[in-house]
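Please build the complete structure, drawing on both the sequences and the hints.
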Amino acid sequence: MNNDNTNMNTNMNTTNSLGYDKAIVSENLTKKFGRFTAVDTISFSVDKGEIFGFLGANGAGKTTAMRMLTGLLLPTSGRASVAGFDVFTQTEEIKRNIGYMSQKFSLYEDLTIGENIDFYGGIYGLGRSELKTKTSEMIEKFSLGDAGRKLIKDLPLGWKQMLAFSVAMIHNPQIVFLDEPTGGVDPITRRRFWDLIYEASSQGKTIFVTTHYMDEAEYCGRVSIMVDGLIEAMGRPNDLKLQYGCDSMNDVFVKLARPE
Amino acid sequence: MKAFKEFVRKEIYHISRDYRTLFVLLGMPIAQLIIFGFAIRTEISEADIGIFDKSKDHVTQKIIDKIVSSGHFKLTEYIESPEDMEKSFRAGKVKQIIVFEENFAHKLGRGSAQVQIINDASDPNVAKILNMYASTIILDFLKGFNQNGMAGNIVIAPQPRMMYNPEMRSVYMFVPGLIVLILMLVSALMTSVAITKEKEKGTLEVLLVSPLRPQTIIIGKVIPYLLLSLFNAATVLVLSRAIFGVPFKGSMLDFAIVTVIFILVALGIGIVISTISKTQQTALMISLAGLLMPTVLLSGFIFPIENMPWALQLFSKVIPATWYLIILKAIMLKGLSFGYFWQETLVLIGFMIFLLTVANKKFKVRLE
Numbered sequence: 001m002n003n004d005n006t007n008m009n010t011n012m013n014t015t016n017s018l019g020y021d022k023a024i025v026s027e028n029l030t031k032k033f034g035r036f037t038a039v040d041t042i043s044f045s046v047d048k049g050e051i052f053g054f055l056g057a058n059g060a061g062k063t064t065a066m067r068m069l070t071g072l073l074l075p076t077s078g079r080a081s082v083a084g085f086d087v088f089t090q091t092e093e094i095k096r097n098i099g100y101m102s103q104k105f106s107l108y109e110d111l112t113i114g115e116n117i118d119f120y121g122g123i124y125g126l127g128r129s130e131l132k133t134k135t136s137e138m139i140e141k142f143s144l145g146d147a148g149r150k151l152i153k154d155l156p157l158g159w160k161q162m163l164a165f166s167v168a169m170i171h172n173p174q175i176v177f178l179d180e181p182t183g184g185v186d187p188i189t190r191r192r193f194w195d196l197i198y199e200a201s202s203q204g205k206t207i208f209v210t211t212h213y214m215d216e217a218e219y220c221g222r223v224s225i226m227v228d229g230l231i232e233a234m235g236r237p238n239d240l241k242l243q244y245g246c247d248s249m250n251d252v253f254v255k256l257a258r259p260e
Numbered sequence: 001m002k003a004f005k006e007f008v009r010k011e012i013y014h015i016s017r018d019y020r021t022l023f024v025l026l027g028m029p030i031a032q033l034i035i036f037g038f039a040i041r042t043e044i045s046e047a048d049i050g051i052f053d054k055s056k057d058h059v060t061q062k063i064i065d066k067i068v069s070s071g072h073f074k075l076t077e078y079i080e081s082p083e084d085m086e087k088s089f090r091a092g093k094v095k096q097i098i099v100f101e102e103n104f105a106h107k108l109g110r111g112s113a114q115v116q117i118i119n120d121a122s123d124p125n126v127a128k129i130l131n132m133y134a135s136t137i138i139l140d141f142l143k144g145f146n147q148n149g150m151a152g153n154i155v156i157a158p159q160p161r162m163m164y165n166p167e168m169r170s171v172y173m174f175v176p177g178l179i180v181l182i183l184m185l186v187s188a189l190m191t192s193v194a195i196t197k198e199k200e201k202g203t204l205e206v207l208l209v210s211p212l213r214p215q216t217i218i219i220g221k222v223i224p225y226l227l228l229s230l231f232n233a234a235t236v237l238v239l240s241r242a243i244f245g246v247p248f249k250g251s252m253l254d255f256a257i258v259t260v261i262f263i264l265v266a267l268g269i270g271i272v273i274s275t276i277s278k279t280q281q282t283a284l285m286i287s288l289a290g291l292l293m294p295t296v297l298l299s300g301f302i303f304p305i306e307n308m309p310w311a312l313q314l315f316s317k318v319i320p321a322t323w324y325l326i327i328l329k330a331i332m333l334k335g336l337s338f339g340y341f342w343q344e345t346l347v348l349i350g351f352m353i354f355l356l357t358v359a360n361k362k363f364k365v366r367l368e
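Sequence order for the protein chains is X and P. Each step along the first sequence adds one to the number in my numbering, with nothing skipped, and position 184 is 184. Each step along the second sequence adds one to the number in my numbering, with nothing skipped, and position 328 is 328.
Just so you know, the hints here were simulated from the structure itself, not pulled from any lab data. Owing to the predicted nature of the structure, the values given are computational and were not obtained by experimental measurement. Everything hinted at is true.
Derived DSSO-like pairs (lysine-lysine); straight-line CA-CA distance at most 30 Å:
1. X/Lys-160 - P/Lys-197
2. X/Lys-132 - P/Lys-199
3. P/Lys-128 - P/Lys-62
4. X/Lys-132 - P/Lys-201
5. P/Lys-87 - P/Lys-66
6. P/Lys-362 - P/Lys-199
7. X/Lys-153 - X/Lys-104
8. X/Lys-160 - P/Lys-201
9. P/Lys-317 - P/Lys-334
10. X/Lys-150 - P/Lys-5
11. P/Lys-361 - X/Lys-104
12. X/Lys-153 - P/Lys-199
13. P/Lys-107 - P/Lys-66
14. P/Lys-5 - P/Lys-361
15. X/Lys-150 - P/Lys-199
16. X/Lys-160 - P/Lys-5
17. P/Lys-62 - P/Lys-87
18. P/Lys-201 - X/Lys-153
19. X/Lys-255 - X/Lys-32
20. X/Lys-132 - P/Lys-5
Encoded structure:
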């Protein structure tokens with residue numbers, strides 16, 4: 001019940017100004033496919049520079065919600081804004097201001113990292129010299145060395161995913177959506193991936209990330225937990241653990257997702 | 001525009017780095033041309049025949065020489081009696097026997113003489129073709145014979161003339177069909193697979209989240225295939241001319257215009273297929289079963305449409321390849337121009353508009 005109040009408060013703060021004081025605002029956002037309600041009146045808001053974890057079991061509606069926010073799906077009802085732009089009418093503006101890394105790996109496997117940067121940078125309108133700088137920056141940052149000339153498919157998965165994240169931010173977006181970015185990666189690489197996320201957050205970027213690794217939930221500033229299209233709980237990981245009397249986010253999740 | 005350029009460049013990387021596909025794309029036209037041109041020929045060379053010459057004079061000898069030197073026949077049996085004829089056919093030694101009546105030269109000089117062409121019709125197609133070869137040669141000889149004033153009366157006989165393809169060279173028929181097939185393969189099949197691949201890999205989602213307009217994505221995606229298709233069409237034309245001497249009587253400009261229209265039709269089909277298939281496998285199956293089979297079997301490429309039952313004839317009308325093939329034959333073999341096939345061209349343009357509209361509608365920004 002406590003959560004509902006928090007929701008109400010955030011809504012009150014932002015209903016009047018769909019301006020850009022909050023990175024993401026969602027009010028009663030709903031998506032129905034025929035008679036099936038995939039996302040049921042979800043309301044939340046994400047502050048600028050926050051790392052917001054969007055948790056839920058498979059099929060809970062996370063991806064659908066994210067697709068509505070990124071302009072891939074038209075919501076059935078409700079309201080939402082991303083970077084101050086309306087998801088119903090201003091998807092073009094939203095697209096220009098967000099970065100997106102899909103659940104499936106999003107770099108082209110048969111291109112080198114430089115060619116991927118040229119392509120993704122190019123479609124966001126980056127200039128030649130800018131692309132060159134970005135490429136050498138990235139090769140240095142990940143100490144790729146000669147691997148920079150290799151095709152993506154010849155790189156280890158961990159690297160690929162970190163590169164995909166960096167490429168998703170090539171156009172310096174203010175908000176980055178990550179859809180289960182660390183699927184299938186070992187814990188050490190996942191930790192390194194999260195270092196990248198923290199780095200982006202420290203630069204003032206807002207991170208909206210879905211995951212079903214509950215250890216990753218602990219890294220988020222705030223999380224929401226979706227069950228069957230509804231947001232069942234929302235708050236800082238430590239507050240949620242206290243509220244549900246659990247030691248880990250994992251237990252909180254299990255408690256919510258499988259109520260006795 | 002820059003985004004568009006990057007897109008085309010990326011697509012060219014995809015194509016050029018997939019050696020196997022590239023090999024298929026560029027090697028296929030050559031391989032198919034050679035297979036169709038050399039192996040699947042309906043003309044016959046060196047068929048075994050027998051001669052039953054009851055006259056054995058200078059005229060029959062000349063006719064026999066002419067028949068043998070045509071290259072279509074090989075004289076394997078000299079037959080001396082009607083019983084031998086029966087035996088030779090039974091033993092399968094000959095496919096055809098030509099019989100000259102007694103006193104052939106003498107009778108011909110007086111007006112008319114009889115030649116009988118007997119065919120082994122157990123393979124009716126071969127029999128028909130051989131019969132045509134032999135009668136053409138004999139009639140041809142008689143024509144020359146009469147012109148030389150060696151006969152008083154002109155023997156009037158029906159003269160079959162094979163318009164536009166006097167030697168019935170099947171490769172002439174195959175080349176336009178082959179162009180249709182290759183364009184379908186590259187434009188429709190390859191595009192549908194390429195777009196579905198992006199869907200399957202998840203990169204399409206990232207593209208749709210980018211500020212690129214869906215039209216830009218689609219056009220950027222198909223332009224390289226359009227160029228590749230044109231290149232392939234040109235390859236087939238050049239090779240067919242160089243190797244088989246297939247004529248190109250019409251205008252190149254007409255050919256280019258109609259071909260671009262047809263490629264756009266095929267690309268439209270490819271895009272539509274990609275929007276209804278989730279995996280590359282599905283796209284491939286739909287393209288193969290739903291496109292290539294009808295193109296090969298029902299467009300008039302291999303089987304004449306006139307011989308089909310009416311239901312299939314009707315069906316052949318909704319295959320764009322049928323119309324393109326009619327135009328292509330008209331341009332290449334008959335040297336006709338738009339005045340003669342503007343109706344077929346309009347039909348193609350209709351297909352193009354319809355398919356591109358559907359493709360544009362179905363390929364939406366939002367992933368519903």
